[in-house]
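Undergrad: When you get a sec, could you build the whole thing from the sequences and use the hints?
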Amino acid sequence: MDSEEQPPSYKSLYPTPKPRWKEKVKGKWHPFHTDKSIVDIHLVPGGGRKNYTGFVTKTIVYVATFFVFLAAFALTLASIALPRWVSSHRGSPSGVSYGLHRRCFTLTHSHSQSCERFPQYDDCQGSNNRYFCSMWRSIGFLMSFAVVLEGMTLITYLVILLGGKQARENGWRVLALLLVVVGVVQCAGMGLVSYLVENDDRFFLGWKLDDSWIMCTVSWCLALLGAVAVVLAARVLPAEGGYELIADYIEGTGEVYG
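Residue numbering for the sequence shown follows my numbering, starting at 1 and increasing by one per position.
Honestly, the hints are just simulated from the structure, not real lab data. There could be a bad hint or two in this list.
Restraint-style ranges between C-beta atoms, simulated for each label pair [stated by the list, open to error]: (1) 64 - 198: 35 to 41 Å; (2) 173 - 137: 31 to 37 Å; (3) 177 - 78: 22 to 28 Å.
For glycine and all other residues, C-beta sits at the position ideal for the given N, C-alpha and C.
TA: Written out as structure tokens, the structure reads:
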């Protein structure tokens with residue numbers, strides 16, 4: 001009588017996986033079993049440093065400077081909309097005030113204000129007036145260009161804040177550059193207004209720089225302040241929590257390579 005058939009062994013059903021031979025290290029080939037592999041995880045780039053858990057992080061800096069930028073953006077829009085760059089009646093109820101695109105007259109007895117488009121054709125006749133109109137229109141162009149740049153900066157902020165760790169780590173250069181350019185453009189417009197008030201004949205004694213000029217000044221100062229804060233955060237603060245690529249651990253060697 002034939003002996004009873006033996007059931008298959010465990011090893012025959014579940015054979016030991018063959019090693020996958022990896023690259024040669026120090027003249028020897030080292031096997032690597034997937035089910036026995038050991039990995040080395042680094043939370044923070046730089047090797048050996050612990051994950052940064054301090055209160056001030058790059059995210060907090062981005063959020064704080066974002067709200068500062070929104071205030072600067074609002075001041076820029078207000079300075080363009082309000083016809084109060086230069087006034088002859090700053091602090092008094094009557095007089096004339098100039099905006100980038102309008103000129104307004106305030107009457108003493110009625111306290112009513114009437115505005116007209118500025119500069120008009122008659123305002124630009126004569127060599128001196130043509131020079132003034134050219135400068136004034138250049139100021140309007142610079143401020144409009146600043147609004148376009150601030151719109152681009154707003155989009156950049158949203159991309160960085162919503163784009164995750166990688167965007168926060170690498171997006172600061174573009175953001176800082178835009179903030180600096182915004183500040184420089186507005187500063188140039190502000191400087192041209194100051195130059196005209198000091199040197200143009202139509203602005204005689206009693207004319208003063210008004211609220212719109214002040215708002216523009218505060219706006220570009222906030223933009224440059226935000227740029228400085230973003231650069232300092234990128235250079236000083238360590239990277240936030242995250243994972244790098246996983247390195248492989250070679251069995252029997254104690255060495256890690258990726």
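Undergrad: So, for every hint listed, does it hold in this structure?
TA: Right, here's what the structure says about each hint:
no., hint, result
1, 64 - 198: 35 to 41 Å, "holds (37 Å)"
2, 173 - 137: 31 to 37 Å, "holds (33 Å)"
3, 177 - 78: 22 to 28 Å, "holds (25 Å)"
The structure is consistent with each of the numbered hints, conforming to all of them.
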